[in-house]
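Colleague: Here are the chains, one letter per residue:
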Amino acid sequence: MAHLPRPTLSLFLVLSLQIIFSAIAFGSDFQESDEEEFSEELLLRPLPDRKVLAHFHFESRAPPSLSDSHGRHHHLFPKAIAQLVQKFRVKEMELSFTQGRWNYDRWGGFDPISSSNAKPPGVELWAAFDVPQYLVDASWKNLTHTLSGLFCASINFLESSTTYSAPEWSFHPSSGSLRYGTLPREAVCTENLTPWLKLLPCRDKAGLSVLMDRPSIYRGFYHSQQLRLTSPEFEGRLESGIVLKQTLTVVLQPDSQGASNTYSSETKLQPSWSLSSIFGRKVTSRCVLAKSSNIYLQLEGGLVTELENVRKENVISWIDNVGSEGWRTNPFFDLSVNPDSVLREVNSLHGSSSSVLYEYSVAKYSDSRPFDLGLKWKSPVVWSCPQAPLHASRFLMGSGNERGAIAISLISTGLNEHFLGANIVEGSCKLEVDIFQVVPWYVKVYYHTLRVFVNGQPQAVTDVVEKMRVSPSEDKVSPGVMELVLKFPCDVKSAALTLEFDKGFLHIDEYPPDANQGFDIPSAIISFPNFHARTHYFEDSSLKRSPMLSKFQEKSRVRSYSEVLLVPLTTPDFSMPYNVITITCTAFALYFGSLLNVLRRRVGEEERFLKNRAAKKAGRLAQLLSMLSAKIRGKKWEHPQSPSASSSFISLKLIVKVVLVTGIAIAWQYYSQ
Amino acid sequence: MAESEAEVPKAKPRPIVRLGIFLISHSCLFSVICCTAGVLTLLLLPVLAKNTYISENALMPGSANPMFSSQEVSEANRLVKSLTSLDSKPVGSGIESQRLIAEYMSDLGAEISYHKFYPRSNQFHPLHFFSYPDSGSTRENVSCISHGLNTVGIIRAPRGDGKEAIVLVTPYNSLKVGPGEALSLGIAYSVFSLLTQVTWLAKDIIWLVADSRYGEYAAVNAWLRDYHMPVFSGLSALKAEICPVSNVHNELKENSVTERKINDGFRRAGTMATALVIKVTDGSEHFEDSLSIYAEASNGQMPNLDLINIVNYLAVHRQGLRVKVEKMRSLINCKWLKILGEILQSLGHVAKSLNPQWKFGIPAKDYVEGAATLASSLYYQALGVPTGPHGAFRDYEIDAITMEISSRVALNNKARKNDFLLRGGRLIEGVIRTVNNLLEKFHQSFFLYLLTSPSKFVSVGVYMIAFALLVASLPVVAASLYADAHKVDPSFGIDKSTPQASATDELSITPRSCKWLNAAKKVFLVHLWGAVVSFLPYFICQIPSCTPTTSFVVWVLLSSFSLPILSLILGSSFSYGRPSQPQKRDWTLLKSVTISAAFIGLCLMSVINFATAEIGALLMVPMCLMAQPLKLDIRSRKLRKFLRVACNLALGFLGFPPAGFFVLKGAFEGFGGITVGDFWSWLESIWSWSSATYLYIGWFERTRS
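So the sequence lines, in the order shown, correspond to chains P and G. In case it helps, the UniProt record's numbering puts the first sequence at residues 1 to 673. In case it helps, the UniProt record's numbering puts the second sequence at residues 1 to 705.
Hints are computed from structural coordinates only; laboratory data are not their basis. Any given hint could turn out to be false.
[Claimed, not checked] Only pairs whose alpha carbons sit at most 30 Å apart, straight line, appear in this in silico BS3-like list of lysine-lysine:
1. P:K493 with G:K116
2. P:K268 with G:K81
3. G:K487 with P:K611
Using the sequences plus the hints, can you model the full thing?
Modeller: In structure tokens form, the structure reads like this:
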């Protein structure tokens, strides 16, 4: 253990106190908080729809920065983050970049990963500050700019007060100084991942992050990189410093060998996979700076139940079969590597089964013997993921460019029936649902039109809504925010909320690029405060070492994000300014022309002229013709003396000339070809 | 001449006023020239048509190689085979085929839902012409037995954000799957299966298998209505109580492997960007495989021209299909059109020989085809009845077209069939990929256009000219009539040349405006009668169980009775005495007011539905201009007058809608077997689309004062 590199420590300490340091490295809580530490973990989970979930979890801790420790030297903890926390006094912050949608139906909606790592597409940022109320907005603006530079993303667009909001209680329990903003249209790319990786002590050169082969992780169906920061020191808890959790959640589709399998109508065999087949790389070594470096394979409760059902025919329960072969082989699949240990979930809330975790320590493997976990399915198996009590979906109603409605529909997944039995003792069983919805100002929502339907019956809003906070939008200043606490009866089958809105008009320079695509309404957050996504595993010595598993045990509410909506607004023809300029210029020309005409006209002269002409009574047509001919000949027009004769003569001459010229032109054209 | 009026030796009026006076004084010549020019321009439109071009650069049609391969073709064949084998079985309860399709879809990993709908009877609402279809309207007469069942499959784009979707629609009759329908399902399925594997998808794909048992349009429309305007309140529960037998979902779910995946709920996938309706017809073509494009939606709305362009481009340049749009077959063999085409062609030749830069001549054959296409394009836009299920999408501002692929020979030959499937599938894949490239919705190209061939169009700027020329004569004639009325009036000593000038005259304003008001009242009365006549069918169709013929008779009787009643109520007399001078003046005023009302109406109509206004103008402008009281004409027995009377009567007869309908129908289909009931059913079909044309027809009658 003494060989752990501590290059910056003084030589004296290294030489004399090796033993003590090794104790510190794995030591008790008190010493742990005194030292920066880093750990890396990877969770793999086969999903029911033939995909694989990979969840990387990197955690860095810095000890509390004491008041005199300005300019503290960090060994492992990223300095940029530490400075950011110090400067803006960030109590808590979460930034996520997501591509694709989390499929709550098929990938689960109850476990810790889906409630804390399933994020809406684009960028989501929230932060709580430890500053006086009037400084929160300023801190938020500075923070967005800093993060924008740090992550090569347009997070700075969250600076504008029309894009962020201040939820009070439905989003995060500890609020007041919290700001929340999303950018649904932000494209996520490797240029966001690279700065994220730079925060890791080993970057992607060693350890588990070696697996992050860019083409393979961006080929997946879901990709969410997240950075979560907690610094409890501002809250007066000095015993722990800044904690930085970086997670990357990807859902990948293993290549199935037989493409023909895909279409067979009988139950399908799950595709077999290994680390090298889904990532294209293998784990060669751990990051030497990491305190722990583990890979877990999680089998969900549903899958374990299926396995146990089959095993019941055999006498021995497979999970208790201590022999090493028992871990690896069972009727459904083979594992290529023996796990170091097996953890079992305790106190599972949903259903009879509990999930199982296989643990692998990467420390044993090296370049010569790379770690390549493989899972080979032998027989088809169908299971389902635990679902949130209500499945939420949100959509737009209505058509036309004038008005519409937002509808949130909640459909029971049948999970709450389990809880019905548990909660019925209290008498009236209620299912509590929190909804947090931000709507941009150009979608003018009428909050009084909120209507609630429960089981297909319209309900009075006051019967269902327990608590409500609405801050209406202000044009070009702030978005509309709605926070709701709903209480449904436990046996609710379906519920729906509708809100009507008018579509507003933007000024021509307020339209974003590609305005004709439409405008986004960010995801609504639907959370269930009565339900907690937590997974307990058997108390084990390994558990203490694993920050990821201890995070799974944290009590966090089940939360799901709804879809992002696209509202088509009326867009002007953007060539219109040009047209307007043309028309204005024409109008001006006409105006000035007539003005000039009026100014230079001599009324007396004109009257005399008129009288003259009235006396002559010349045929106007003839005059006109003679004038025209004069113009054509370039001579000054003289008033004809004998109007009738000369005019007819001139016109005849003119006609002859015109005909002659035309004939010559035609002949020349014809013969010149 | 102009001098005669501008005698007064005072300051010359402004040039624009002088021009106006000139036009009014020559109104007869002017109106004849304008009308002729208008008709000529209309006939010239096929020559003036421009080639289409892809306006939106982001579309990039055909820039990627098609991924659709023979493997997908075998998929399509598999589905077609199982559908046809299902059809041969005697069981065929209708639900079998939906279940089969749903199973195929779920094997691909798509999300599936069934959509049950009840066909609505055609309800006519006189005041709902231009309002959006609303969900709250009549659902009372829902019968339990007759429901359709749409199957909907959705592929989520792997990395997309799910904000937009592209819709594929394959209508088919679930009771009896025809070979063409089976093939269209096969093509759609093979494309769908390809799209589950591709990585380039940015928008979700919805495949709607519409149950066309009660009409293709009804099925698609019902689904769209539920997509955009769902009803949350307890209607579904109510229905389930009334109709316990028809619980389809229970029937469907038994012994199904895919049971778990099929959700009762209505599944959605964001805002729809484009919809493609795919149909296959069998073996009707003589030369090569062809593709017919139908684009007209309700009230003459068209999808963006770019959508037609990309389909046309991909079909012609990538898949080698012959693209057709609907044309009036009867016009192709028209003699006078051919002659006109030849004249234009020779004119074009002469022009070209004069200056090689002038290229306005087109071959006579092209001209005739273009004219036929243009005529059908005008006709369908004017009718306001959608030409296919795509029309339902346009009501929700979604660009949609129907693509009807037809093969050269009957598809019995297996290799031939595979080739057909391959080309059809590649075409649809290409169109979807192109639309998928588009970040914004279609907005770059034209929405107001007429097609003269799949690759030629007349834009709004050009076809407005014909209409404007036709209509321009109306205000001029009205003004000149008004001026005439005052001129012949002996009571006014000073002859005012323009109505503007007369309005300023304080002394004479009272009697004159009264006269004017009298005429206006008369016109208003007739218009009111027209409105009553057009709303009558709504009440007539409330009468249960009547055939078209009887209801037509009832309508005619009621409407003829309603005129005297109305005139009694409003207390205006229609008796013309001897044709004295004041009588004649009255009549001139009346005609002037009628013409100005017609002018305003035509202009308004051109904003709402251009094609209707154009056709209306063609019929009404001559009628308005030539109308003369019969008594006056008959009295003076001259040949010229007699001719005019004959013309008037003929135009009036044509203008009267039922007569016009008969003549048109007779001209196009031969006079055999036309009944009065035909007209009724034609009218009925027009209402049910709540078409603006209907309003127009009613209004038509009013102008015949």
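Colleague: Confirm or reject each hint.
Modeller: We went through each hint and held it up to the structure:
1. At most 30 Å may separate the alpha-carbon atoms for a hinted pair to count; K493 of chain P and K116 of chain G meet this at roughly 19 Å.
2. Among the hinted pairs, K268 of chain P with K81 of chain G is consistent with the structure: their alpha-carbon atoms are about 22 Å apart, no more than 30 Å.
3. Taking the CA atoms of K487 of chain G and K611 of chain P, the gap is near 27 Å; set against the 30 Å cutoff, the hint holds.
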